[in-house]
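Protein chains in written order, with my numbering: chain F, 497 to 676; chain U, 51 to 151.
Take the hints with a grain of salt, since some may be wrong.
Below, a list of computed lysine-lysine pairs in the DSS-like style, where the Cα atoms sit at most 27 Å apart [as the list claims (entries may be wrong)]:
1) K522/F - K104/U
2) K631/F - K104/U
3) K623/F - K136/U
4) K672/F - K104/U
Stretch-level coverage of chain F by chain U, calculated; a stretch enters the list once three of its residues show a Cβ under 8 Å from a Cβ in chain U [to be verified]:
5) 595-607
6) 639-646
Derived from the structure by calculation, the hints contain no laboratory data.
Glycine is no exception: its CB is placed at the ideal position from the N, C-alpha and C atoms.
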Amino acid sequence: MSVEQIIFYFLSAMTLLSAILVVSLKSFVRAVFLFFLALFSMAGLFVFALADFVAITQLVIYVGGVLVLMIFAFLLSNKELLNNPDKKKPQIGLVHYLPGMVVSLLFFGLLIFVFTQLNPAEFEWVKTSGENTLKPTDNTIHYLGINIMTRYLLPFEVVSVLLLMALIGAAHLARKERDV
Amino acid sequence: MIPLSHFMFVSAALFCIGLFAILAKRNAIMMLIGIEFMLNAAILNFVAFSKHDKLASGGQVFALFAIVLAAAAVAVALAIILNVYKYYRTIDPTRIDQLRD
Numbered sequence: 497m498s499v500e501q502i503i504f505y506f507l508s509a510m511t512l513l514s515a516i517l518v519v520s521l522k523s524f525v526r527a528v529f530l531f532f533l534a535l536f537s538m539a540g541l542f543v544f545a546l547a548d549f550v551a552i553t554q555l556v557i558y559v560g561g562v563l564v565l566m567i568f569a570f571l572l573s574n575k576e577l578l579n580n581p582d583k584k585k586p587q588i589g590l591v592h593y594l595p596g597m598v599v600s601l602l603f604f605g606l607l608i609f610v611f612t613q614l615n616p617a618e619f620e621w622v623k624t625s626g627e628n629t630l631k632p633t634d635n636t637i638h639y640l641g642i643n644i645m646t647r648y649l650l651p652f653e654v655v656s657v658l659l660l661m662a663l664i665g666a667a668h669l670a671r672k673e674r675d676v
Numbered sequence: 051m052i053p054l055s056h057f058m059f060v061s062a063a064l065f066c067i068g069l070f071a072i073l074a075k076r077n078a079i080m081m082l083i084g085i086e087f088m089l090n091a092a093i094l095n096f097v098a099f100s101k102h103d104k105l106a107s108g109g110q111v112f113a114l115f116a117i118v119l120a121a122a123a124v125a126v127a128l129a130i131i132l133n134v135y136k137y138y139r140t141i142d143p144t145r146i147d148q149l150r151d
C-alpha cells in the first residue's frame, strides 16, 4: 500500500467516523464541532480526487462560513435551542432510531450493490479519456477559470444572482420585527 | 492512484449517514447537517469523476456551484429555523403542526 492510499483511507475513515458520531451524539455543540472535522477531512478527500481548488473552496465556504453561521445561530438564540428536544420524553432507547436506521442501511446496501455491479473504471468515457485525464501535476485552477468564464458563464451568473437573493432573503428573515 | 469506486463507496456511506440524520433526528438543525452530508457526498462523486474530464472540468465546476448553493441554503434555513423557534419555542419538526396563527 502506498502512502497515497494510506492517507486516503485514513481521511475517509475520519470523515465517516466523525459523521457517524455527529448523528449519534446527544450533545449538540459537540456534534457541530465534529461536523467541522468531517467537512475538513472531506476537503482532504477532494485533494485526492485532484480537485485542489474545490478543496480550498470547501474549506473557505463550509468550514469557514457555514460552521461559523451555525455557531452564531446558537449563540444568538436562546439556550434552550441547544437542548435536545428528546430529553423531556421518556427514554425508549434506540427503538426511536430503528426505522431510520433500517431505511438508511437498506439504501446503503442498495448503493453498494449497484456500485460493485457498475464498475466505473470500465465506463466508455472513462476508459477513452486518455489525454483528457487530470494528472497530479496539472494546474486545475487554469482550466477552471477558463471554463467558468466561457463554457459555464450563464450558470455562473445565475448562481451569483441566486446567492445575492438568498442572502438578502436570509437577512430579511432574520431581522427583528419592527412595529410599523 | 485511487480507484473511482472507492470514492463512490465513501460517498455512499456519507449519503446514508445524512439520510439517517434526516429520518431519525428530532431537531431541525441536525436535519440541516444531514442535508449537508448528503450534498457533500454528491459533491465528492462529481469531483471524483471530473478527473477524467480535464478540458471541460464539468464535475469540478458543478461541485463549486453546489457548494455555493449549499451555503445559500444554510443561510436561509438557519434564518427560518430561528424564526420558527421564536414562534413555536421548539425546533422539533414533528411538533410544528399548525399553519394558522
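Now the hints, each set against the structure:
no. : hint            : verdict
1   : K522/F - K104/U : 43 Å, violated
2   : K631/F - K104/U : 9 Å, holds
3   : K623/F - K136/U : 55 Å, violated
4   : K672/F - K104/U : 48 Å, violated
5   : 595-607         : holds (count 9)
6   : 639-646         : holds (count 4)
Checked against the numbered hints given earlier, this structure breaks hints 1, 3 and 4; the rest are met.
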